[in-house]
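Peer 1: Spelled out, the chains give:
Number of protein chains: 2
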Amino acid sequence: MALVVMKFGGSSVADADKMKLVASRVIAKKNAGNKVVVVVSAPGDMTDKLLEMADKITLSPLAREMDVLLATGEMISISLLAMAIDAMGEKVVSLSGYQAGILADINYTKARVKKVNPNKINSFLSENNIVIVAGFQALNSKCDITTLGRGGSDLTAVVLAVGLKAGSCEIYSDVDGVYTTDPRLIKDAKKLEYISYDEMLEMAGSGAQVLQSRSVEVAKKFGLEIHTRSTFSKNCGTIITSEERIRRKKMEELLVSGITFDKNQAKFTIIDLPDTPGIAAKIFSSLAKVAINVDMIIQSAAVNKKSNISFTVSREETKKTQIELDKIVSEFKDSQVACDEHVAKISVVGIGVKSNVGVAGKMFEIFHKKEINIKMISTSEIKISCIVDEMDMVKAVEELHKEFGLSKKK
Amino acid sequence: MALVVMKFGGSSVADADKMKLVASRVIAKKNAGNKVVVVVSAPGDMTDKLLEMADKITLSPLAREMDVLLATGEMISISLLAMAIDAMGEKVVSLSGYQAGILADINYTKARVKKVNPNKINSFLSENNIVIVAGFQALNSKCDITTLGRGGSDLTAVVLAVGLKAGSCEIYSDVDGVYTTDPRLIKDAKKLEYISYDEMLEMAGSGAQVLQSRSVEVAKKFGLEIHTRSTFSKNCGTIITSEERIRRKKMEELLVSGITFDKNQAKFTIIDLPDTPGIAAKIFSSLAKVAINVDMIIQSAAVNKKSNISFTVSREETKKTQIELDKIVSEFKDSQVACDEHVAKISVVGIGVKSNVGVAGKMFEIFHKKEINIKMISTSEIKISCIVDEMDMVKAVEELHKEFGLSKKK
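In the order they appear, the protein sequences are chains C and L.
Here the numbering used here is used: the first residue of the first sequence is 13, the next is one more, and so on.
Here the numbering used here is used: the first residue of the second sequence is 13, the next is one more, and so on.
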């Protein structure tokens, strides 16, 4: 009998009717001849409500106590879902993360899973129960409740699927898979049948919030296929799997899987920096100290012992960054800081990027043809990102989506 | 260093401001040189909200899952209170009922505490922590979460005080102690300085909801004094202790500690029942089968082989009781059922009742003088209860309160 891990996100258990729908999907899966372990998130906006409650008490809450507080949301979900399944006549039992044998390290609010002890779940499964496990939470070596960070329920599902040697891991949410680009912006965006772990990671980093990145990393490490799909439809979603399996499954290889974009960007350039060792380190360690997260960084080659450094930050960090840079730059004669708040990042993601040298060239060609000015370029194994003027963003995404053959019509 | 257990009810932790007030009271207690263990209930109407959520899923929820659901309320309280105490600069740690070593039997939703393992709490106390424990919840031998029934947080406080050999147990709520009668009805009701366990039990049974009855029983068994007082005032409340200690402390003995009343009563009388063995058993076991809780029962002496039985039930059970009785009585020739929905129960409670034969006589004399008709009488060790017309209730309570010397003015 195959073992399936099904994970349902907060929007799938937001009210009683949705909870009952989830219960019927779970029971259908069992009736199809599977052992079923279900992982659930906190209902709807419960986690935000709990955070608000804490905010009213203190703005610097104890991390240990924050975990106790946040873990309650998933406890509400597991008990209600178990009641719903029982009311439909199936044997069911709910387990907290700690009862389920999910053991984590000592970091509160962002604990890392160290081990899964599957005995208790296996014992309940062998008694013909559907087992419901609270996502997002674990037990540490002090027997404290810890949580796994935002999106941690995805990780719970993945580590359970690995630990229980499940045949499949299905992640249900209110979106029906991973798209070639955001369908809210581009109408003929297409649902992908497959995507590789690395592509998925690049897509998530570029703002496509389908799956928590750490859970994708763990799935990759253990070769676990994830099927991400919609709670509210019977259609297949997108399978996240290894490059090899994708290559084997596809006759014709897609160069590019998706186009991502992010408007929440501001670009800084420091002009005429002295070209001496340690300058970059000084700038970026100063920014790190005040918790400014820097994204793309480009340093130009030195001319006349002077060089320029450009980088991007989140737009809400603009002011803070400006203040910090003014301090640093005041130490260097002739250096100046320029800021451009009206930029967007556009990325082409695909396992074809590394094997096919033409992808970057094609991207730049498309931009050139449409008179889109590229302000910065950065590349990784399977991604090419460009910073452009935010006015050009939609046009750029549309053109790339069409020209790389991602549209439905094709 | 003395150990104090402080318990705060739901209305004391209903919002952030109240939570902070509780935090400051707890810290003051510690600064006065005590080790402090705090027990908290779920905030405000949280438990009712959770029950509503379950109601929307199913009307017959699994008891095990109900416990998982209900236990979340107290988890929210302990974490928020711990944050508040930490924000005020004191070392603090929160523990669920199961982490705190409160072990219970296998009955879900109304588990009985079997044992308290104080090691974890003691270890945190020895590291100078204020320890906050979630009330109402425990761990059973299957490592499941269970709850102790409504009002179970009182019981948590009492069993912890006993298990930790605490010097005192303080139960805080929004009322400032036990009164001679309900101060909302009788303006010059007086707060009692002391009350015995047995009196407290009779008061609670008569509708004075200050403390959960089981917690009073356990306190009595182990000779633990309970100080019930207000969260929102520094005044002393009422000490619940043994008769012996009260007698030792008081020069002049009070005959009566309080007058309780309950309007939520309906009286049934079955007239002309055949006087044969087993009739009463038949009637009351039939009522028990349909979960009708019978309060006072009186059977008249038989005359001409016929006798009458009267009893009271909660007023909301009137219809159900009528239907059930009609069925039973149809089997007996000549028997009839009469119902009076407009009655109230008035009780005089006091350890003086058993030692002083005059209390009952005085009560009846007062009723007679005020022309209050007594419809039923029932007595226990320390309580005399009468059923009267509900129209006479207020007058009866006023007169008894005055005549037994309970008013403030005296």
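Everything labelled a hint here was simulated from the structure, so no lab data went into it.
Among the hints, a few may not be true.
Where chains are identical, the list cannot tell them apart; a pair therefore holds if satisfied intra-copy or between any two copies.
Unchecked claim - Listed below are the simulated EDC-like cross-link pairs for lysine to aspartate or glutamate, each with C-alpha atoms no more than 20 angstroms apart in a straight line: (1) K30 <-> E64; (2) K68 <-> E102; (3) K294 <-> E329; (4) K202 <-> E411; (5) K382 <-> E353; (6) K154 <-> E139; (7) K407 <-> D117; (8) K68 <-> D27; (9) K30 <-> D200; (10) K30 <-> D67; (11) K61 <-> D27; (12) K32 <-> D67; (13) K68 <-> D57; (14) K261 <-> D67; (15) K68 <-> D29; (16) K345 <-> D67; (17) K420 <-> E205; (18) K374 <-> D60.
Peer 1: All hints are to be evaluated individually against the structure, with a verdict given for each.
Peer 2: Each hint, compared with the structure:
1. Taking identical chains as interchangeable, the C-alpha atoms of K30 and E64 lie at most 20 angstroms apart only when they sit on different chains, with a minimum of 16 angstroms there against 24 angstroms within one chain.
2. In this assembly of identical chains, K68 and E102 lie within 20 angstroms of each other by CA distance solely across copies; the values are 18 angstroms between and 41 angstroms within a copy.
3. Taking CA atoms no more than 20 angstroms apart as the test, K294 paired with E329 passes inside one copy only; the shortest distance there is 19 angstroms, against 79 angstroms between copies.
4. For a Cα distance limit of 20 angstroms, the shortest separation of K202 from E411 inside one copy, 15 angstroms, qualifies, whereas the shortest one across copies, 83 angstroms, does not.
5. In this homomeric assembly, K382 and E353 never come within 20 angstroms of each other (Cα to Cα): the closest approach is 22 angstroms inside a single copy and 87 angstroms across copies.
6. Taking the shortest Cα distances, K154 and E139 sit within 20 angstroms of each other only across copies (15 angstroms), while inside one copy they are farther apart (31 angstroms).
7. In this assembly of identical chains, the alpha carbons of K407 and D117 never lie at most 20 angstroms apart, being 46 angstroms within a copy and 67 angstroms across copies at closest.
8. Within a single copy, K68 and D27 get their C-alpha atoms only as close as 26 angstroms, which misses the 20 angstroms cut-off; across copies the closest is 9 angstroms, which meets it.
9. Proximity of K30 to D200 under the C-alpha cut-off of 20 angstroms is found in neither arrangement, the shortest distances being 29 angstroms within a copy and 54 angstroms between copies.
10. In the homo-oligomer, the alpha carbons of K30 and D67 lie at most 20 angstroms apart only across protomers (15 angstroms), although the nearest pairing inside one protomer, at 29 angstroms, exceeds that limit.
11. In this assembly of identical chains, the alpha carbons of K61 and D27 lie at most 20 angstroms apart whether taken from the same copy (15 angstroms) or from different copies (13 angstroms).
12. Taking the shortest alpha-carbon separations for K32 and D67, only the inter-copy value of 13 angstroms comes in at or below 20 angstroms, while the best intra-copy value is 32 angstroms.
13. When the C-alpha separation of K68 and D57 is checked against a cutoff of 20 angstroms, the pair qualifies both within a copy, at 17 angstroms, and between copies, at 18 angstroms.
14. For a Cα distance limit of 20 angstroms, the shortest separation of K261 from D67 qualifies neither inside one copy, at 50 angstroms, nor across copies, at 48 angstroms.
15. Taking identical chains as interchangeable, the C-alpha atoms of K68 and D29 lie at most 20 angstroms apart only when they sit on different chains, with a minimum of 9 angstroms there against 31 angstroms within one chain.
16. In this assembly of identical chains, K345 and D67 lie within 20 angstroms of each other by CA distance neither inside one copy nor across copies; the values are 44 angstroms within and 71 angstroms between.
17. In this homomeric assembly, K420 and E205 come within 20 angstroms of each other (Cα to Cα) only inside a single copy, at 13 angstroms, whereas the closest approach across copies is 81 angstroms.
18. In this assembly of identical chains, K374 and D60 lie within 20 angstroms of each other by CA distance neither inside one copy nor across copies; the values are 43 angstroms within and 62 angstroms between.
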